[in-house]
Amino acid sequence: MKLLYLGTAAAEAIPALFCECEACQKARSLGRAGIRGRAGSLVDGVLKIDFGPDSYRQMLDNGLSYAKIHSLLITHTHEDHLAVDEVALRRQVTAHIHTEPKLMTVYGNAAVGEKLRGKTGEMLAFSEIKPFVSYDIEGYTVTPLDAVHCCTAEGSDFPVICRGKLYHRSENALIFLIEKDGKRLLYAHDTDELTTEDLSFLRGKHLDLVSLDCTNGVLRSTWTGHMGADRDKLTRQALRDFGAADEKTIFVANHFSHNGFPGEEELQRELPGFLISHDGMEIEF
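In the numbering used here, each number is its position in the sequence shown, counted from 1, plus 225.
There's no promise every hint is true.
Result set (DSSO-like, lysine-lysine): computed pairs, CA atoms no more than 27 Å apart in a straight line [claimed, not checked]:
id: 1; residue 1: K340; residue 2: K293
id: 2; residue 1: K473; residue 2: K458
id: 3; residue 1: K408; residue 2: K473
id: 4; residue 1: K355; residue 2: K293
id: 5; residue 1: K227; residue 2: K430
Quick list of the computed label-pair ranges, beta carbon to beta carbon [unchecked claim]:
id: 6; residue 1: D455; residue 2: E507; range: 22 to 30 Å
id: 7; residue 1: H321; residue 2: E507; range: 43 to 51 Å
id: 8; residue 1: K344; residue 2: R445; range: 37 to 45 Å
No lab work stands behind these hints: they were computed from the structure.
Glycine included, every Cβ here is placed at the ideal spot set by N, Cα and C.
Based on the provided sequences and hints, a complete structural model is requested.
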């Protein structure tokens, strides 16, 4: 399997639109090497994960054609992960696709389906997926798990327990376990530490690559619903304790905010044994 990181930043990107902080100034000084677009990835050129507002530029930068993508996995409806009006451009008047099949199916929770209401048609479809149910998607076994994200102070239909505390969510945000030919990828963005149910499901399933949210960076996990270097290391240990990871498992930190991102070298010192993702990075495993 191959995982291509198209974008590796959080909602505001790096450098952020209106920011003059040290991290953003440093990113600008590095030119293209310092630029990180909103998060999104591609598995084997087949499964697109999330479709944020930088997807068009990422397509061009990586020599891709989204006309050839037939499966889109959406983690949640936040605008940096689902640019719904751009996804909806896959319709006959704006997309002249000459190869078969023309249809792209968007897989996501019920909230994603609501966002796409009235926008699907002959070339765009929606399929609701639910946590801990495995789906066969183009020969891959895709199992959504619970993400500790979209947290709200009010009660909801989507409670989760993380670190012994009950969190309510405005939607059933997801992370993905993706399997094919004996290889396993855990793609865990945006989320806080894994829930007990997530870890129990993963128990004994050896993961070849684990991509973890690192929005908080070197900060001590300021935001609930995201992780930083400290919780990434705790999550790595938890996966090892549950027999889902070992010394052969590749761990990658991804999804960075300028607020906690001091630069790749500095973050690497905080995360020994992790790879630090960047836009255009591809890992074969």
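Against the structure, the hints:
no.: 1; hint: K340 to K293; in the structure: holds, 23 Å
no.: 2; hint: K473 to K458; in the structure: holds, 16 Å
no.: 3; hint: K408 to K473; in the structure: holds, 12 Å
no.: 4; hint: K355 to K293; in the structure: holds, 26 Å
no.: 5; hint: K227 to K430; in the structure: holds, 19 Å
no.: 6; hint: D455 to E507: 22 to 30 Å; in the structure: holds, 28 Å
no.: 7; hint: H321 to E507: 43 to 51 Å; in the structure: violated, 29 Å
no.: 8; hint: K344 to R445: 37 to 45 Å; in the structure: holds, 41 Å
Checked against the numbered hints above, the structure breaks only hint 7 and satisfies the rest.
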